[in-house]
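Those letters in the sequence shown? Residues 1286 to 1634, by this note's numbering.
By construction, these hints were calculated from the structure, which means they are not laboratory data.
Any given hint could turn out to be false.
Restraint-style ranges between C-beta atoms, simulated for each label pair [what the hints assert, rightly or not]:
#1 1535 to 1427: 27 to 35 Å
#2 1445 to 1542: 15 to 23 Å
#3 1535 to 1464: 19 to 27 Å
#4 1598 to 1423: 42 to 50 Å
Heads up, the beta-carbon is just placed ideally off N, CA and C, and yes, glycines get one too.
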Amino acid sequence: MLHEKIQKHIEIVRSSNKALSSMSQKSCDAIYALLKSHYATVGVSTVNDIADLGQLVAKRPDLVFMGIKYVHGPLPNTKVWISEYLEQHGIGHTGSPKGAIELEQNKPLAKQRVHDAGLTTSPFMVVKRGDTFDVAASAMQFPLFAKPADLGAGQGVDDNSIVHNQADLNSKIASLATDLGADALIEEFLSGREYSVAVLKEEASDSLMVMPLELVAGPNIHGQRILSYALKSAPLETPVFPVTDKRVRAALIELATNAFRALGARDYGRIDIRMSADGVPHFLEANLIPCLIRGSGNFPKACAMNQGMGYEAMILHIVRLGLARSINADLIEDDPAPTYGPLAVTAAA
């Protein structure tokens, strides 16, 4: 017997611009098919610019399922944050508000926020394009890890990201600027194990389900285990394992919970953590619109391995969280994240 569909309009939003979209076509198709069987009206809006945003708002959906963070603004080097735009027009959405998404997008700012909250994250420095960084004149020590300051999905992370001397660091900073047009985030390298921790709010309370997985990358040509762009883009997935050590699990859950809250995140997201050589967990970065591809995304895997929560239950849970907050425009929360001053760690002159 067919169940009666819920009389709500859910609009899934992604971009055809790969640089903007946080949701793949495969993920979009799976979420659409699933929601279509439960809700009366389900649509997909492709948003590439402000005009597309206007068309989305004109549809007046009950909830937007977020698969994009921002579009470029009318002025050079400006952004229109989708969550903020929707809230200004009285439309609810899944996931975090603008303040948290903006922090997540800027990895140094996210690390600074976590550090300011008294949480562990590796010492770091931001090097602007065209600048250099003299390690000997700083408090940092080799080996260091260099990656783009504001790009995700492992972009710019490769076999040369771990550097052991000034010459190699200079070369990596230059390649990030030339090849990707990116500022460099330089961190002291953490040689321990790496984890992906899914965070999902419970429906009946403000409690969080915090669900860690260990990621085990194969060794590269230098024998190092890092999640490079090549590995993340490869057809074969990086193996993941449940965290069974009670002490490690508790430490991961504590750090992920506190980092999620420190960033002002909401509903769901992923916190990436890596251990130091002596087994202390350190915050790496956050992803507040994580990959939700059925069977391959680490967020769905974490839900399944830790909670026995299947894909359908997970997607419907995320939607219900958004709808519960967005029953009417008056209940849509303002951005809870406070305004911070300039980044305390600046590029070398």
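Comparing the hints with the structure gives:
| no. | hint | in the structure |
| --- | --- | --- |
| 1 | 1535 to 1427: 27 to 35 Å | holds (32 Å) |
| 2 | 1445 to 1542: 15 to 23 Å | violated (34 Å) |
| 3 | 1535 to 1464: 19 to 27 Å | violated (40 Å) |
| 4 | 1598 to 1423: 42 to 50 Å | holds (48 Å) |
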